[in-house]
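Chains as they are written, first to last, in the working numbering: chain A, 16 to 309; chain B, 566 to 848.
Since the hints were derived computationally from the structure, they do not count as laboratory data.
Careful: at least some of the hints might be erroneous.
What the hints assert, rightly or not - Among chain A residues calculated to face chain B with C-beta under 7 Å, some are:
hint, residue
1, G169
2, G171
3, L172
4, R175
5, F179
6, L182
7, E184
8, G191
9, Q233
10, S237
11, R238
Even for Gly, the Cβ is constructed at its ideal location relative to N, Cα and C.
The primary structure of each chain is shown beneath.
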Amino acid sequence: MSISLNILADLQQIWQYQFMRNGIEAGTLTAIVAGVTGYFVVLRRSAFTAHAFSEIGFAGAAWAVLTGIPPLVGLLLGSNLGGLGIALLGRRATNRDTQIGIVLAFSLGLGLLFISLYSGYATQTYSILFGEILGVSYDQVLETLAASAAILVGMGLIYRPLLFSSLDEDVAEARGMPMLALGMAFMIIVAVAVSFAVQVTGVLLVFSLMVTPGATAQYLASRPSRAIVASVIIALIATWLGLFLSFYTPYPVSFYITAEAFGFYLFVRLVYVRFRWEKINSGSLLKPPQDRSG
Amino acid sequence: MQQPWASELMAKPIAGSVTVDAKSTLITAEDLSAGYEGRAIWSGASFSFGQGEFVAVLGPNGAGKTTLFRVLLGLQHPMSGSVSIFGAPPRRGNPHIGYVPQRHTIDIETNVECLELVRLGLSGTRWGFNPVAHSDRESAWKALEASGAAELAHRRLGALSGGELQRIFLAEALVSNPEMLLLDEPLSNLDIKRETELLHLVNGVVRSRGVTAMLIAHNINPLLPHLNKVMYVANGKVATGKPSEVLTSESLTRLYGVQVEVLRDPHGNVAIIGVEEHHGDIT
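Given only the sequences and the hints, what does the whole structure look like? Please build it.
In structure tokens, the structure reads:
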């Protein structure tokens, strides 16, 4: 296997391998879902929460490995329980950092205990922590497809109320939106999305698909529908390029995905934003608003 | 700043308004009391406001002004007494009420354009996803025009100043064509110029659309030229009436239970002496 200048030939070569096809399919689905949900994760300032899900999911996955059930089941169980708990804790994410951190630390410790109790190979643990997209089976691709479809339908249903409540919680509440139910629905969606993203990036690197594309997209477009499309495109490019590069090099996919997502983010913040916003907002970028004190 | 046709738009009668009779009553309250955890903040409030009235709600911090709004919005049940709004008990999600909450700010990191927030004031309560629906966009533009904020439509929410934000929030509240506006301290953090501008906007909306507006404020003086009624919340009680009736030494002394002096200067400005937190303060 060596890379040639003929991209098409390279892609054909990659496509010959079942594990690469599975990886590309699962990665594509995950990137779309992560791009969409990630936009809202960033908009609602829930990045820390999303990360907590993956670590609570880690405890669940480690427990699953120990008891011999599929790690994904443990992941889903852990992250969903975490999601419901956090949604019930209260409305404002900013006030919940401490509680989330406390639960997160405990979960990681619990995960460690399960791993140390497990006498089998440690590779499974390693893949939960850092992702193993190339180990995805065709059945797992189908599972990912089903979950992705469910998430996208769910997001479509709550899209406008979720956007409204994310931007303007108080008014949305006064207008009669069911805030707790919306928050819970979103948390469950994120929990499921995180669980599947973990297959690609691993527990520790889940930020690169769940947060970085969404955060980058917010700088690219100020209309949410466009920003979501941008977020999905960034997640897709990062995933595809990561798979492509790792196929021809000895380095892990997760590394490439995180590096590319980070590269996008840096480029957009340091180069793109400077050119655009200075035009649009006549220099108001980074300048604090004048009369908003108090 | 405002398009010439904007005023015409604002003057257009509102679809679905109950009646055009300027005297029809929108809100009535009888012996109303409200509070938290079984303890009343204020009680014995009786008042009624008609369509198209501009009401200032005044009183010291913590007196329960926002609580009154929460009761009217159906976010909180009254402890006793009765209140009806549009002829029915308050209910959460009443589309006839436009609401701008207190200390309503937007994270400066929020890179979402203003037009989008105003649109959501109309379509944000609808479930499902319709990528081609653009009727709310048109309404949002009209509301932005009416709030004198059309030129802010494509600016990012996080980049706005306090005065600009308040105009966007006003547009967000107006976009669903409400018959009533509840504005919780929209003037705080605004300098005198912006304060006057916003008040003129609100007054324009009240007069041209026949909207009833209740506005919580700390400083009564800039409001006086526009007001129909004043509601003074203090000392666990509520006094309501015309500004000339409520803002008198006798009325406020009765409300506070201590000697209060109301002074007026030749321009009609009011100063209240004898209470710690008089509404000349801008907090």
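Evaluated hints:
With its C-beta approaching chain B no nearer than about 11 Å, A/G169 sits outside the 7 Å limit, and its interface hint is violated. Annotation: interface hint on A/G171 holds; nearest CB of chain B at approximately 4 Å, less than 7 Å. For A/L172, the shortest C-beta to C-beta distance to chain B is roughly 6 Å, which falls under 7 Å, so the interface hint holds. Nearest Cβ of chain B to the Cβ of A/R175: about 5 Å, under the 7 Å cut. The hint holds.
Checking A/F179 against chain B: minimum C-beta separation of about 3 Å stays under 7 Å; hint holds. Look at A/L182: its Cβ gets to within about 6 Å of chain B, closer than 7 Å, so that hint holds up. With its C-beta approaching chain B no nearer than about 9 Å, A/E184 sits outside the 7 Å limit, and its interface hint is violated. For A/G191, the interface hint holds, the least distance from its beta-carbon to any beta-carbon of chain B being 2 Å, beneath 7 Å.
A least Cβ separation of about 4 Å between A/Q233 and chain B falls short of the 7 Å threshold, and the interface hint therefore holds. Against a cut-off of 7 Å between C-beta atoms, the interface hint on A/S237 holds, since the closest Cβ of chain B lies about 4 Å away. At its closest, the beta carbon of A/R238 sits 6 Å from a beta carbon of chain B; the interface hint therefore holds under the 7 Å criterion.
Violation of the numbered hints given earlier is confined to hints 1 and 7; the remaining hints are satisfied by the structure.
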